[in-house]
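**Student:** One-letter residues, chain by chain:
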Amino acid sequence: AQTVTQSQPEMSVQEAETVTLSCTYDTSESNYYLFWYKQPPSRQMILVIRQEAYKQQNATENRFSVNFQKAAKSFSLKISDSQLGDTAMYFCAFMSYSDDMRFGAGTRLTVKP
Amino acid sequence: NAGVTQTPKFQVLKTGQSMTLQCAQDMNHEYMSWYRQDPGMGLRLIHYSVGAGITDQGEVPNGYNVSRSTTEDFPLRLLSAAPSQTSVYFCASSYSTASVGPDTQYFGPGTRLTVL
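These protein sequence lines are chains P and D, in that order. Numbered per the numbering used here, the first sequence spans residues 1 to 113. Numbered per the numbering used here, the second sequence spans residues 114 to 229.
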């Protein structure tokens, strides 16, 4: 089974600064999807960004972008111009044709004013 | 569209009691799944379904049953609740199919379950 590792249990960043959350995964497959989900205190799981492994271009959604390094099996999330509303748990997830969605343990991000 | 809905939002059970967590989606998604979220462990898959009448086990299926009689509904049954089942439960759905392949999962608001 695929595994997803988030090595930073907690992080903090000053408002308006940039922060990068790390994620690595282990798989023998070549075609798969990667996701970042945000879970604010409301508990709702919200999709932040997704990346298809066959696409070389890194995905971007407004202030959120990823650095996808397929050979290194790395999928980090960069949040630019951090806002107080970005305070949340962030989960990295992996999904493939042969396996269901696997989640990392999460990174708790606090944006400080 | 309401998306994915779950009821109840909160529930307290005594050890040995049974109950059903309800999940419904109005996006005509074939794929539906149940996860539990425990501190420090992310979300773990309990059961999933790739379409009406088809269900399968995930990573942590023991103590739970599911059925999928319609595309819209995917209830999760706790047969005999145990304190180890205290957790937050999420239902999700997606457009994933065998031919389409993986796709984004959309989550319900979650159910916080406490078993005493």
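Calculated from the structure, these hints are not laboratory results. Be a bit skeptical, because a hint or two may be false.
[Said to hold, decoys possible] Heads up, simulated EDC-like pairs for lysine to aspartate or glutamate below, C-alpha to C-alpha not over 20 angstroms straight-line:
1) K55/P - D216/D
2) K70/P - E29/P
3) K112/P - E29/P
4) K78/P - D100/P
5) K70/P - D216/D
6) K78/P - E29/P
The model shown is predicted, which means the values in this text are computed figures rather than measured ones.
**Student:** Run every hint past the structure and note whether it holds.
**Tutor:** These are the hints, each one checked on the structure:
Between K55/P and D216/D the alpha-carbon distance is near 15 angstroms, which keeps this suggested pair within the 20 angstroms criterion. Straight-line distance between C-alpha atoms of K70/P and E29/P comes to about 11 angstroms, which keeps the hinted pair within the 20 angstroms bound. Of the pairs offered as hints, the one joining K112/P and E29/P is violated, with about 39 angstroms between alpha carbons and a cut-off of 20 angstroms exceeded. For the given pair, K78/P sits about 25 angstroms from D100/P by alpha-carbon distance, which is inconsistent with the 20 angstroms threshold.
At most 20 angstroms may separate the alpha-carbon atoms for a hinted pair to count; K70/P and D216/D meet this at roughly 19 angstroms. Taken as a hint, the K78/P and E29/P pair is broken in the structure, with Cα atoms around 25 angstroms apart against an allowance of 20 angstroms.
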